[in-house]
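Could you put the whole structure together from the sequences, leaning on the hints where they help?
Top line first, the protein sequences correspond to chains A and B.
Using the UniProt record's numbering, you'd call the opening residue of the first sequence number 1 and step up by one each time.
Using the UniProt record's numbering, you'd call the opening residue of the second sequence number 1 and step up by one each time.
By construction, these hints were calculated from the structure, which means they are not laboratory data.
Watch out, some of these pointers could steer you wrong.
As the list claims (entries may be wrong) - Derived lysine-lysine pairs resembling BS3-like cross-links, with alpha carbons at most 27 Å apart: (1) B/LYS145 / A/LYS27; (2) A/LYS85 / B/LYS126; (3) B/LYS126 / A/LYS27; (4) A/LYS91 / A/LYS59.
The residues making up each chain are set out below.
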Amino acid sequence: MLKILTVCGAGLGSSFACQMSVEAVLKELGVEAKLDHTDISSVAAQTADIVISGKNFEKQFERITLNCPAVFLDRLVDKTEIKEKLTPVLKEVGAL
Amino acid sequence: MISEMLRKENIQILDHIDDWREAVHISMKPLEDKGYVEPRYAEEIIRNTEEIGPYYILTEDIALIHGRPEQGVLKKQLAVTLVNKPVRFSQDSYPVRILIALAATDANSHIDVMQVLASIFIDEKKIQNMANSKSVEEIYTFLLKEEQERRQILC
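The following block contains the structure:
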């Protein structure tokens with residue numbers, strides 16, 4: 001199953017809230033996925049099909065080798081922004 | 001549950017806060033006073049913020065201020081600070097009126113409370129509703145009601 005990982009600095013607050021907004025968006029789109037949240041220092045050790053994080057982390061992600069597409073959000077809990085940015089990526093990975 | 005993780009005494013309303021560092025300290029004060037976090041927790045969050053920016057600004061008006069469990073969390077708990085004049089945490093981050101201080105002991109055990117908060121964060125009207133609250137009682141009742149509504153949807 002498609003695995004989506006949301007990422008923030010601590011891996012339990014912002015990324016958790018983001019995960020829940022992503023869940024709501026996926027439900028609307030009818031896409032099934034396994035979601036989890038983590039912190040930026042452990043993201044490289046995990047596997048995922050799509051990574052979602054805040055714009056403020058974009059630079060830090062440049063230093064990490066990711067084997068999947070990443071989405072960077074201005075507002076971590078904004079369903080409209082999540083849908084807009086995630087939809088093309090879901091198509092890219094063949095989930096939509 | 002909100003009723004377990006947020007004591008009414010942890011809710012405060014202020015007119016203004018001078019700067020973001022003070023905002024971190026003030027938002028954590030109720031948790032410090034009652035022994036949910038060590039005094040260093042706020043300092044650690046400030047240090048994190050200086051390093052990577054305000055990673056806890058979720059959208060306009062919402063800051064979910066938190067650090068990692070090992071940065072000084074003793075027991076899980078929330079505190080809510082409402083500030084009438086918005087605070088800015090950086091030049092390019094959104095102004096914030098609702099400061100939610102989160103002490104989490106691990107990545108998942110606060111899931112039920114996060115679900116209630118997330119249902120507010122995705123709804124602009126609910127954010128406005130909360131930000132315009134006039135009393136501690138109003139905020140507390142609002143959060144309890146949100147939790148109840150969520151449970152009814154699930155049942």
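To see whether the hints hold, each was checked on the structure:
no. : hint               : in the structure
1   : B/LYS145 / A/LYS27 : 24 Å, holds
2   : A/LYS85 / B/LYS126 : 24 Å, holds
3   : B/LYS126 / A/LYS27 : 21 Å, holds
4   : A/LYS91 / A/LYS59  : 25 Å, holds
Checked against the numbered hints above, the structure breaks none of them.
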